[in-house]
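Visitor: Residue numbers (this note's numbering), protein chains in the order written: chain A, 1 to 110; chain B, 1 to 115.
Incorrect hints may appear among the rest.
Stated by the list, open to error - Lysine-lysine pairs mimicking DSSO-like chemistry, simulated, CA-CA at most 30 Å apart:
| hint | chain 1 | residue 1 | chain 2 | residue 2 |
| --- | --- | --- | --- | --- |
| 1 | A | 79 | A | 42 |
| 2 | B | 71 | A | 42 |
| 3 | A | 92 | B | 14 |
| 4 | B | 57 | B | 14 |
| 5 | B | 71 | A | 102 |
| 6 | A | 92 | B | 57 |
Said to hold, decoys possible - A short list of chain A residues far from chain B (calculated; beta carbon distances all over 10 Å):
| hint | residue |
| --- | --- |
| 7 | 4 |
| 8 | 19 |
| 9 | 32 |
| 10 | 42 |
| 11 | 43 |
| 12 | 44 |
| 13 | 49 |
| 14 | 65 |
| 15 | 69 |
| 16 | 76 |
| 17 | 79 |
| 18 | 83 |
| 19 | 99 |
| 20 | 109 |
| 21 | 110 |
No lab work stands behind these hints, which were simulated from the structure alone. Even glycine gets a Cβ: it sits at the ideal position worked out from N, Cα and C.
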Amino acid sequence: RKEVEQDPGPFNVPEGATVAFNCTYSNSASQSFFWYRQDCRKEPKLLMSVYSSGNEDGRFTAQLNRASQYISLLIRDSKLSDSATYLCVVNKGGYSTLTFGKGTMLLVSP
Amino acid sequence: DTGVSQNPRHKITKRGQNVTFRCDPISEHNRLYWYRQTLGQGPEFLTYFQNEAQLEKSRLLSDRFSAERPKGSFSTLEIQRTEQGDSAMYLCASSLGVSPTDTQYFGPGTRLTVL
């Protein structure tokens, strides 16, 4: 089983739609979780951290389910500028290194 | 620009040649990381430094790869006797180093093509 698994997509949605991505991780000792955004041929940039209680940042909501070892990202009212690859990222068990999923591609169309 | 910088941005080399990449982290950041990303994959961890000490190396880092951070500031990643399989984007990231979960900020990467 891969350490971090994501559906690669692409997810094609119209502007204004709500879209959700899920991610599963295999290491139950993982301690911190993130969503990064990566535009084509650019570096990854932190979108948001994911907390056990769930957290929201504007149109973006992240949830963590430790029992099932999955993380979700919900994007409401999609914008054209949301088109990117969304990387699910896990910090494995107290180390500083990050384990990335392959990413989920989102394409928002007019 | 106070972000992470990497040089060169692109490198094309012939198989068997040696290449060296440089990373300049954000100035107050103690931790520096190297990752490699191939098409369709997420970044994969290679190694990281806490100041000048190299604390962890991935199994991906074969003996042809060496990284240094001699003064705890910039870092270099050298690949000897390059192979076509080394073609990838090499990403550098840095973080404050106060907590293991500090945010990592990535540089723009060096894209390596081995012919």
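Visitor: Take the hints in turn and mark each one as holding or not.
Guide: Each hint tested on the structure:
Pair hint residue 79 of chain A plus residue 42 of chain A holds up; C-alpha atoms about 19 Å apart against a cutoff of 30 Å. Taking the CA atoms of residue 71 of chain B and residue 42 of chain A, the gap is near 28 Å; set against the 30 Å cutoff, the hint holds. This hinted pair does not check out: residue 92 of chain A and residue 14 of chain B have alpha carbons roughly 36 Å apart, beyond 30 Å. Straight-line distance between C-alpha atoms of residue 57 of chain B and residue 14 of chain B comes to about 26 Å, which keeps the hinted pair within the 30 Å bound.
With a C-alpha separation of about 34 Å, the suggested pair residue 71 of chain B and residue 102 of chain A falls outside the 30 Å cut-off, and the hint is violated. Using a Cα cut-off of 30 Å, the hinted pair residue 92 of chain A and residue 57 of chain B holds, with the two alpha carbons roughly 14 Å apart. A beta-carbon of chain B is positioned within 10 Å of the beta-carbon of residue 4 of chain A; the least distance is around 8 Å. A cut-off of 10 Å between C-beta atoms confirms that residue 19 of chain A is not in contact with chain B; the least separation is 19 Å.
The Cβ of residue 32 of chain A does not lie farther than 10 Å from every Cβ of chain B; its closest approach is about 4 Å, which violates its non-interface assignment. A cut-off of 10 Å between C-beta atoms contradicts the statement that residue 42 of chain A is not in contact with chain B; the least separation is 7 Å. Residue 43 of chain A, annotated as away from the interface, has a beta carbon of chain B within 10 Å; the closest lies near 4 Å. Residue-level check failed: residue 44 of chain A sits 5 Å from the nearest beta carbon of chain B, not beyond 10 Å.
Not every CB of chain B lies more than 10 Å from the CB of residue 49 of chain A, the least distance being 8 Å, so the non-interface label is violated. Separation of residue 65 of chain A from chain B is adequate, the least Cβ-Cβ distance of about 19 Å exceeding the 10 Å criterion. Residue 69 of chain A, annotated as away from the interface, keeps every beta carbon of chain B farther than 10 Å; the closest lies near 18 Å. Against the 10 Å criterion, residue 76 of chain A stays outside the reach of chain B, whose nearest CB is about 24 Å from its own CB.
Residue placement check: residue 79 of chain A keeps its beta carbon more than 10 Å from all beta carbons of chain B (closest about 23 Å). For residue 83 of chain A, the shortest C-beta to C-beta distance to chain B comes to about 17 Å, beyond the 10 Å cut-off, and the non-interface label holds. Listed as outside the interface, residue 99 of chain A is inconsistent with that label: its C-beta sits roughly 7 Å from the nearest C-beta of chain B, within the 10 Å cut-off. For residue 109 of chain A, the condition that its CB be more than 10 Å from all CB atoms of chain B holds, with the nearest at approximately 22 Å.
Once the 10 Å rule is applied to beta carbons, residue 110 of chain A is consistent with being away from chain B; the minimum gap is 26 Å.
Hint check: violations occur at hints 3, 5, 7, 9, 10, 11, 12, 13, 19; the rest are consistent with the structure.
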